[in-house]
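Got chain E; can you put chain Z on it based on the hints?
Protein chains: 2
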Amino acid sequence: MKIQIKRELLLNNLNNVSRALSNKPQMPILTGMKLDVKNNFLTLTASNSDISIQTKIEASDDLSIKETGVVVLPGKYFCDIVRKCDCDSLLIQTFEKNSVKILADQSTFTLNLHDKSIFPYIAFDDSQNFIYLDGINLKQIIKKTAFATSPSEAKMVLTGVSFTVNGDKLEAIATDSFRLAKKYMKIEGMNAQIKAIIPSKSLDELNKIVEEVQEIVQIHFTQTRALFKYKNILFQTRLIEGNFPNTKSLIPTEFITDIKFNKQELINAIDRASLFVANDLANVIKFTINEQNEILISSSASEIGGSLEKVKPISCSKYLNFETAFSAKNFLDALKAFDSNEITIHFTGEVKPFIINSDYDVNHMQLNMPVRI
Amino acid sequence: MKIQIKRELLLNNLNNVSRALSNKPQMPILTGMKLDVKNNFLTLTASNSDISIQTKIEASDDLSIKETGVVVLPGKYFCDIVRKCDCDSLLIQTFEKNSVKILADQSTFTLNLHDKSIFPYIAFDDSQNFIYLDGINLKQIIKKTAFATSPSEAKMVLTGVSFTVNGDKLEAIATDSFRLAKKYMKIEGMNAQIKAIIPSKSLDELNKIVEEVQEIVQIHFTQTRALFKYKNILFQTRLIEGNFPNTKSLIPTEFITDIKFNKQELINAIDRASLFVANDLANVIKFTINEQNEILISSSASEIGGSLEKVKPISCSKYLNFETAFSAKNFLDALKAFDSNEITIHFTGEVKPFIINSDYDVNHMQLNMPVRI
Chain E
1 MKIQIKRELL
11 LNNLNNVSRA
21 LSNKPQMPIL
31 TGMKLDVKNN
41 FLTLTASNSD
51 ISIQTKIEAS
61 DDLSIKETGV
71 VVLPGKYFCD
81 IVRKCDCDSL
91 LIQTFEKNSV
101 KILADQSTFT
111 LNLHDKSIFP
121 YIAFDDSQNF
131 IYLDGINLKQ
141 IIKKTAFATS
151 PSEAKMVLTG
161 VSFTVNGDKL
171 EAIATDSFRL
181 AKKYMKIEGM
191 NAQIKAIIPS
201 KSLDELNKIV
211 EEVQEIVQIH
221 FTQTRALFKY
231 KNILFQTRLI
241 EGNFPNTKSL
251 IPTEFITDIK
261 FNKQELINAI
271 DRASLFVAND
281 LANVIKFTIN
291 EQNEILISSS
301 ASEIGGSLEK
311 VKPISCSKYL
321 NFETAFSAKN
331 FLDALKAFDS
341 NEITIHFTGE
351 VKPFIINSDY
361 DVNHMQLNMP
371 VRI
Chain Z
1 MKIQIKRELL
11 LNNLNNVSRA
21 LSNKPQMPIL
31 TGMKLDVKNN
41 FLTLTASNSD
51 ISIQTKIEAS
61 DDLSIKETGV
71 VVLPGKYFCD
81 IVRKCDCDSL
91 LIQTFEKNSV
101 KILADQSTFT
111 LNLHDKSIFP
121 YIAFDDSQNF
131 IYLDGINLKQ
141 IIKKTAFATS
151 PSEAKMVLTG
161 VSFTVNGDKL
171 EAIATDSFRL
181 AKKYMKIEGM
191 NAQIKAIIPS
201 KSLDELNKIV
211 EEVQEIVQIH
221 FTQTRALFKY
231 KNILFQTRLI
241 EGNFPNTKSL
251 IPTEFITDIK
261 FNKQELINAI
271 DRASLFVAND
281 LANVIKFTIN
291 EQNEILISSS
301 ASEIGGSLEK
311 VKPISCSKYL
321 NFETAFSAKN
331 FLDALKAFDS
341 NEITIHFTGE
351 VKPFIINSDY
361 DVNHMQLNMP
371 VRI
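Protein sequence lines, in the order shown, are assigned to chains E and Z. Take the first sequence: its position 23, counted from the start at 1, is 23 in the numbering used here, and no numbers get skipped. Take the second sequence: its position 49, counted from the start at 1, is 49 in the numbering used here, and no numbers get skipped.
Chain E extracted, bound-state conformation (with noise of 0.2 Å):
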């Protein structure tokens, strides 16, 4: 294998491929990544036990192919040597038997290879059953509902995002039983029927290499796998086993009281009031209506002292007396998934759970629970 490859194309490609190694030293293979070497082209592929990366570079002025071939490397070193170099371009080339020597500019870099007849073959196959969707809006379902999967492996279906597609279309939910997040597209044209649950630390890598650019992704669905075509780049991840509860009956439809806020103003007074409750594990604040139709959140821990906040709504269809308490966490992370500036919070009950959406951040619901104190 003999390549002579312009540096910024190789960083740009392996800052993809690189979050697929393993960092387990406990499977040397899987710290690897594969250099496979065609005529024209050159594939770089990684995998660990939960993703799959492979990205294709064509042969060009950039990529110039002397010798085909096939080498594993160690990952993390090949990543790291690229990254520190400061050449415009770097010749990478087989020496002796179980090395390969990297030429830029004066420096000479050795790496042993692994053994490539163990390296894992990764099926990166299309399916009948596939989806398109565009970057823009692959990062807004991430963005809206990951944050909310558990992180505990005792319900492990908890642990992914719900993938439902129903002809054109797309329901994604995220549940941690103490919140849920759904975000709902309609894609014009798809047809499909699909039913998967993608690990949400898959989604946090491909949230990475996924930019917030209208380019097509494909994803295609089997029934162990989601493979993502986006650009030159195939991202599989393995799904979830299990059935995904059914959140349906969970979601209140009817409430007592729907109040508008200012995001940014509800988010700056919850997060004044967390710092009182930041060490609690449930990090518990109360919010309540008072006899003066006020609106307060406040906070207390007993040793050092409490905060109260009045919070002005933009809105409120009615004031009734009303105390109810809740994971300051939870609520900022359900705020924060919003893109608009005014979000409405319904609420059906002091201890029943209420829902936040958005006018202007359609499709797009967070469920929290209040807690009993």
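Hints may be right or wrong, so weigh each one.
Subject to a maximum C-alpha distance of 27 Å in a straight line, what follows is the list of computed DSS-like cross-link-like pairs (lysine-lysine) [unchecked claim]: (1) K310(Z) x K66(E); (2) K76(E) x K329(Z); (3) K101(Z) x K329(E); (4) K101(E) x K329(Z); (5) K76(Z) x K310(E); (6) K286(Z) x K101(E); (7) K312(Z) x K101(E); (8) K76(E) x K286(Z); (9) K56(E) x K76(E); (10) K310(Z) x K76(E); (11) K143(Z) x K84(E); (12) K229(Z) x K195(Z); (13) K336(E) x K84(Z); (14) K101(Z) x K312(E); (15) K310(Z) x K2(E); (16) K329(E) x K352(E); (17) K101(Z) x K310(E); (18) K312(Z) x K6(E); (19) K310(Z) x K84(E); (20) K66(Z) x K310(E); (21) K286(Z) x K84(E); (22) K84(Z) x K260(E); (23) K76(Z) x K336(E); (24) K101(Z) x K286(E).
Looking from chain Z toward chain E, a few residues come up when the C-beta cut is under 10 Å (computed) [said to hold, decoys possible]: (25) L73; (26) I81; (27) S107; (28) T110; (29) N268; (30) A278; (31) S302; (32) K312.
Since the hints were made in silico from the structure, they are not lab data. Computed from a prediction, not measured in an experiment: that's the story for all the values here. Just so you know, even glycine gets a beta-carbon here, dropped at the ideal spot from N, CA and C.
Just chain Z now, kept in the frame of chain E:
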């Protein structure tokens, strides 16, 4: 106690004083910040076992004193409140017996008081034995020496920077016994005799407070303490007891070759070479002059691979067959202490200490020890 104060003024002062807040919960009183309101000014004081900081804010349009008094507040919470408020000014007043109320626009905070009677009395006393430096020079001394102190408390004196003043000459030295950093300065009009070892952690905090401006810093020394007076800030640190080792005999004065490099090119080369040794405690790289009069920096990690860098010097007083090895980290630290674009390495032998200096960064020297391999 009752004051009205501009948020920005208070915050600037809190950012400085809070550097002395203790975060050790076993000394609860030292997590407190003392506010002492007199007729014409307010002082803020915090102290931990190493440093004490006090700032004085005079009454003005930005600080209106309505009632004098002394309180000790939970320091971290007080700072966080002021940081998170977006109001123009705050009203702070004692409330009932054991708390203060802080009113900021629509927000009201209550903070429980610490027992002010157990807050330590701290004398920020002047001494006859003092010197003055401007902020720029003080920061230069800290930058060029503090990093070379020892992190281990096994030899306490090596955790500090030795300051020796003799007449109008100031010498600052730090060493962890593998390297030594020295900065020398002549200060016009100064006439003092001082020997003190200042903890490097205290200098790091001081460095964050003093700005890179020509503003005088007075430094008052006693047997056990050094007091830095800067703007409206008093910064006091304990000194380290003991005798700093005599380092003069360690510093070589005769050399077998002197090699001048472009500093940044050398840093980049070492940085790349250290990729392969970054996981080793010693992170040793090799420095070689070969028979072709080439200067080479090389490294290797047996299982991964290695690197070889050719570095062109600006000049070399004598090309001799030479091979030495040293810690990449220590060498990079030393290079980064220079402000000039060029540095010169003076070698005394393959296993003898070498020194680094620069024609354009005078009265400053770094010494590194080679490592036997």
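For each hint, the structure was consulted:
no.: 1; hint: K310(Z) x K66(E); in the structure: 25 Å, holds
no.: 2; hint: K76(E) x K329(Z); in the structure: 20 Å, holds
no.: 3; hint: K101(Z) x K329(E); in the structure: 25 Å, holds
no.: 4; hint: K101(E) x K329(Z); in the structure: 25 Å, holds
no.: 5; hint: K76(Z) x K310(E); in the structure: 23 Å, holds
no.: 6; hint: K286(Z) x K101(E); in the structure: 19 Å, holds
no.: 7; hint: K312(Z) x K101(E); in the structure: 21 Å, holds
no.: 8; hint: K76(E) x K286(Z); in the structure: 22 Å, holds
no.: 9; hint: K56(E) x K76(E); in the structure: 19 Å, holds
no.: 10; hint: K310(Z) x K76(E); in the structure: 23 Å, holds
no.: 11; hint: K143(Z) x K84(E); in the structure: 25 Å, holds
no.: 12; hint: K229(Z) x K195(Z); in the structure: 19 Å, holds
no.: 13; hint: K336(E) x K84(Z); in the structure: 17 Å, holds
no.: 14; hint: K101(Z) x K312(E); in the structure: 21 Å, holds
no.: 15; hint: K310(Z) x K2(E); in the structure: 22 Å, holds
no.: 16; hint: K329(E) x K352(E); in the structure: 18 Å, holds
no.: 17; hint: K101(Z) x K310(E); in the structure: 15 Å, holds
no.: 18; hint: K312(Z) x K6(E); in the structure: 24 Å, holds
no.: 19; hint: K310(Z) x K84(E); in the structure: 15 Å, holds
no.: 20; hint: K66(Z) x K310(E); in the structure: 25 Å, holds
no.: 21; hint: K286(Z) x K84(E); in the structure: 19 Å, holds
no.: 22; hint: K84(Z) x K260(E); in the structure: 23 Å, holds
no.: 23; hint: K76(Z) x K336(E); in the structure: 26 Å, holds
no.: 24; hint: K101(Z) x K286(E); in the structure: 19 Å, holds
no.: 25; hint: L73; in the structure: 9 Å, holds
no.: 26; hint: I81; in the structure: 6 Å, holds
no.: 27; hint: S107; in the structure: 5 Å, holds
no.: 28; hint: T110; in the structure: 4 Å, holds
no.: 29; hint: N268; in the structure: 6 Å, holds
no.: 30; hint: A278; in the structure: 9 Å, holds
no.: 31; hint: S302; in the structure: 9 Å, holds
no.: 32; hint: K312; in the structure: 8 Å, holds
Consistency with the previously given hints is maintained throughout, with no hint failing.
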